[in-house]
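Number of protein chains: 2
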Amino acid sequence: MHQEQRQRAAQLLDETGVELALFTDHDSVRWLTGLNLPAPALLFFERGSFTLFADEGFSDASSFSSEPDCTHISFVGYTIDQPIDAPSRLADALRESLANGSAKSGRVGVEDKSLPLALWQTFLDARPGCEPLSLEGSLLPLRAVKTEEELARIREGFRLVTIGHDAGRKAVRLGQREIDVWTEVQTAVERVAGKWMQMGNDCIVGHRPANMSAAPLDFEIIANDALILDLSVVVDGYWTDSCATYYAEQPTAQQFQMHKFVEEALAYAVSLIRPGVVAQEVDQKVRGFMANGGYEVYPHHTGHGIGLTGHEEPRIVPYNQERFQEGNVIMLEPGIYIPGVTGIRLEDAFLVTANGAEPLSHHDKSLP
Amino acid sequence: MHQEQRQRAAQLLDETGVELALFTDHDSVRWLTGLNLPAPALLFFERGSFTLFADEGFSDASSFSSEPDCTHISFVGYTIDQPIDAPSRLADALRESLANGSAKSGRVGVEDKSLPLALWQTFLDARPGCEPLSLEGSLLPLRAVKTEEELARIREGFRLVTIGHDAGRKAVRLGQREIDVWTEVQTAVERVAGKWMQMGNDCIVGHRPANMSAAPLDFEIIANDALILDLSVVVDGYWTDSCATYYAEQPTAQQFQMHKFVEEALAYAVSLIRPGVVAQEVDQKVRGFMANGGYEVYPHHTGHGIGLTGHEEPRIVPYNQERFQEGNVIMLEPGIYIPGVTGIRLEDAFLVTANGAEPLSHHDKSLP
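Read top to bottom, the protein sequences are chains A and B.
Going by my numbering, the first residue of the first sequence is number 18, and it counts up by one from there.
Going by my numbering, the first residue of the second sequence is number 18, and it counts up by one from there.
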């Protein structure tokens, strides 16, 4: 799994002139291995080979040894024989592994925002004279282009997203609370998946004072209300994202008008997507579309990439000069919010292709 | 909040001869502030004063400034104006804060299994000549004695645990799957809580090949089955834990006998608990009780403390020479497992008091 990701990383390291690297960022390790490992885990790169240090309780990690140029070393996690201390056991395993290697010193690529001081000290004790070279964030641009393996997980996520939205649409009834709607969504998704699923994000009635982004609470759906259901389902570590707005009754004239306008804004945003287009230009144009329609422009992103986290590159925000590339998975999510009255947001996901944008999300966002 | 915790920590630092300390372990920061903060967060100690660096999106953190000798500094988290990079923004805030302080060098207490190399470098740039002194794990013994504030959260958790178990007992019916039972439990708890709740741990039918510890899957409850529901509900960061074993039909003679024996083992374990007793002795005696009954001795702990994580001190395991103290919150959880046939575990929580053990969990663990 994820051989292509390791090839891309190895090429990057080669270009950077780095022969050794310690990947400690949890998302980096998951991206380079394809394994949805628990923390802590370490991926050690040495001249083209990768060694994964993982908690022995995560048995899937053993498959890593069957990948080309890859080794898996496990360390003790849960035990009744000594204190549970995964960071120390990982350090012990690294120390033992390094004792057998060459003692070459030089620059070592590190992710210094996640590399613990103690683990770095363990490394330095075994390889004195090594100097850290920060690779922090260097994998993010590589992660923005998805492989077929990643897309398969993401597509499965969107299958479950549709199931969640179908349940959410049905659950939005007068007198139900946000949390009641949410538990219906969660139950529907988990029963189909046949297991626990990590899920998010927002489930908010329109009459909340802050009705843009919030976890469900016990606010009740009242007359003339709308409910924003912004739903992510995470499959094998890979996020999805989606949003629809539902109504317990027929929407008011104002809600109808707003909903239609957000549909148009979303369609407009989609029409702008193709490889080579600059993210900030899409952002600016969609914000302009909202303003031209006479609506207050949403304060959040116009959209964003997804992957091992819910918000990745390319972010569709005012500062971002990145260009879209084939293989990006992006969200587009215009919205209109009248605090305390009603909020409308619609969000779809797309794969950036040679010709434009292929829809990945398929939930029903229509007016009732 | 949590002034007593900070006083205990300050006393420890004083005894250690440390005037400066960086608390970066997420659980340490939560314990020292009483705030269930998102990561990353930093608590900086300097000669009796605490400064909390927290993501501005966590608005509750501002209350920290009203505590004696405490300051709160926020840093940017989510924004559309620059890349989202909480570790760098935290480092920026620390750098700015240190620029105004005295430039005294010396030993600095650090939690070196969580302190990122980059954050340490930021600190060293501002305070050259400082030497790290590991405080790793030093708060764990202090955390094992709960305060009234902590007990209030834990008691609220156990109120929800009872609601979850009541729903679980009802949901165990022939043909239902583990995940179906789980979604009933989860829904019952979240509807009463009126919000999302972090929950765990096991929901397993007896006929699974490995029937001791596992998340719910789509295994169905079959004839003569039992189901272990091991349930934690986390309230404001504080864990609970509990276990019961349920039956879709009348238990078999073997299950009846096993269940009765585990009830006796649990009662025996409880009878051993009082301040001053050594954890490993309780462990040894309860394992002996199981063996004397002719049952295979469970391979897991006899029990454990809980708090900001699900497994804390005092662990009731073979190596642990710690003595119970008043204020410990401990779990006791004997079990019998016949792989592929049936598994029985019963677990209760207790506050260690001057006289013995006060029950904190109140779910029904009886035979049907």
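To be clear, the hints were calculated from the coordinates, so they are not data collected in a lab.
Every residue gets a Cβ at the ideal spot worked out from N, C-alpha and C, and that includes glycine.
Among these hints, one or two may not hold up.
For the chain A half of the interface with chain B, some residues (derived, Cβ under 8 Å), not all of them [as the list claims (entries may be wrong)]: (1) N53; (2) L141; (3) W213; (4) Q215; (5) M229; (6) F278; (7) E280; (8) E281; (9) V314; (10) G327; (11) H328; (12) P335; (13) Y336; (14) E339; (15) R340; (16) E343.
Hint by hint, here is what the structure shows:
1. For A/N53, the interface hint is violated, since its Cβ never comes within 8 Å of a Cβ in chain B; the closest pair sits about 13 Å apart.
2. The interface hint given for A/L141 is broken, as the beta carbon of that residue sits about 11 Å from the closest beta carbon of chain B, more than 8 Å.
3. This hint holds: A/W213 has a C-beta 5 Å from the nearest C-beta of chain B, less than the 8 Å allowed.
4. Because the closest C-beta pair between A/Q215 and chain B is about 11 Å apart, greater than 8 Å, the hint is violated.
5. The beta carbon of A/M229 comes no nearer than 12 Å to any beta carbon in chain B, farther than 8 Å, and the hint placing it at the interface is violated.
6. The beta carbon of A/F278 comes no nearer than 21 Å to any beta carbon in chain B, farther than 8 Å, and the hint placing it at the interface is violated.
7. Because the closest C-beta pair between A/E280 and chain B is about 23 Å apart, greater than 8 Å, the hint is violated.
8. For A/E281, the suggested interface contact is broken, since its CB lies about 22 Å from the closest CB of chain B, more than 8 Å.
9. Because the closest C-beta pair between A/V314 and chain B is about 11 Å apart, greater than 8 Å, the hint is violated.
10. Here the hint on A/G327 is broken, as its CB sits about 11 Å from the closest CB of chain B, past 8 Å.
11. A least Cβ separation of about 6 Å between A/H328 and chain B falls short of the 8 Å threshold, and the interface hint therefore holds.
12. Because the beta carbon of A/P335 sits about 6 Å from the nearest beta carbon in chain B, less than 8 Å, this interface hint is met.
13. Satisfaction of the interface hint for A/Y336 is found here, the shortest Cβ-Cβ separation to chain B being roughly 6 Å, below the 8 Å cut-off.
14. Of the supplied interface hints, the one on A/E339 is violated, with its beta-carbon coming no nearer than about 11 Å to a beta-carbon of chain B, more than 8 Å.
15. Using the Cβ-Cβ criterion of 8 Å, the hint placing A/R340 at the interface with chain B is not satisfied: the shortest such distance is roughly 16 Å.
16. Violation of the interface hint for A/E343 is found here, the shortest Cβ-Cβ separation to chain B being roughly 23 Å, above the 8 Å cut-off.
Violated hints, in rising order: 1, 2, 4, 5, 6, 7, 8, 9, 10, 14, 15, 16; the structure is consistent with all others.
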